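S.K.: Mapping to the numbering used here: the sequence shown position 59 is 60, numbers consecutive.
Any given hint could be a false lead.
Said to hold, decoys possible - In silico BS3-like pairs for lysine-lysine, Cα to Cα no more than 25 angstroms straight-line:
#1 K74 - K39
#2 K6 - K18
#3 K53 - K73
#4 K74 - K53
#5 K112 - K65
#6 K112 - K39
#7 K39 - K65
#8 K73 - K39
#9 K21 - K7
#10 K7 - K18
#11 K65 - K7
#12 K6 - K71
#13 K39 - K7
#14 K71 - K105
#15 K112 - K71
As the list claims (entries may be wrong) - Using C-beta positions, here's what the derived DEER-type ranges look like:
#16 D110 - A12: 40 to 46 angstroms
#17 D110 - E11: 34 to 40 angstroms
#18 K112 - V17: 19 to 25 angstroms
#19 V98 - K21: 29 to 35 angstroms
#20 W99 - L16: 35 to 41 angstroms
#21 S102 - K21: 26 to 32 angstroms
These are computed hints drawn from the structure, not numbers from a lab. Note that the structure is a prediction, hence the values are computed from the model and not measured. Ideal Cβ positions, reconstructed from N, Cα and C, are used throughout, including at glycine.
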Amino acid sequence: MHSPKKSHMEAAMRLVKYVKYESGTRIFMSFDSDELLKIYCNADWGACINSKRSITGYLMQYGKSPISWKSKKRANVSRSSVEAEYMVMASSVAEVVWMTSLFKELGIDIKVPVALFSDNTPNSCQSFLPQKDQTH
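Go ahead and model the full structure; you've got the sequences and the hints to work with.
M.R.: Take a look at the structure:
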């Protein structure tokens, strides 16, 4: 980190304390023939009744083991479910890019392309169809 803050040091110390006191706890990963990196993502458009903001999330797996996940209420209001799903897909791809670079640094080869699973058909079509340049 280029300019660490006090909050970063506090987080690091919390991690050190956790490792010290939870040394008997283990995370088990299944090592099977399916060592592919996969990511599943979803959005609940307008899930918050008060703010109408969407809740989005993803789960990344290496083989059958979860290695990264996130769920959050979006800071902005999406105009459609397609937009909400597209935003979570973009966040998921950013996580894949970061994770593949980490794996590369650790000397682990990742088979590409990485599979991204989403339950929104319009987004799949929008992602793969050529778009016309629109000016307003």
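S.K.: Please go over all the hints and tell whether each is borne out by the structure.
M.R.: Hint check results:
no.	hint	verdict
1	K74 - K39	holds (23 angstroms)
2	K6 - K18	holds (19 angstroms)
3	K53 - K73	holds (13 angstroms)
4	K74 - K53	holds (10 angstroms)
5	K112 - K65	holds (15 angstroms)
6	K112 - K39	holds (10 angstroms)
7	K39 - K65	holds (9 angstroms)
8	K73 - K39	holds (20 angstroms)
9	K21 - K7	holds (21 angstroms)
10	K7 - K18	holds (17 angstroms)
11	K65 - K7	violated (37 angstroms)
12	K6 - K71	holds (24 angstroms)
13	K39 - K7	violated (35 angstroms)
14	K71 - K105	holds (22 angstroms)
15	K112 - K71	holds (23 angstroms)
16	D110 - A12: 40 to 46 angstroms	violated (31 angstroms)
17	D110 - E11: 34 to 40 angstroms	holds (36 angstroms)
18	K112 - V17: 19 to 25 angstroms	violated (35 angstroms)
19	V98 - K21: 29 to 35 angstroms	holds (33 angstroms)
20	W99 - L16: 35 to 41 angstroms	violated (19 angstroms)
21	S102 - K21: 26 to 32 angstroms	holds (29 angstroms)
Violated hints for the displayed structure, listed by number in ascending order: 11, 13, 16, 18 and 20.
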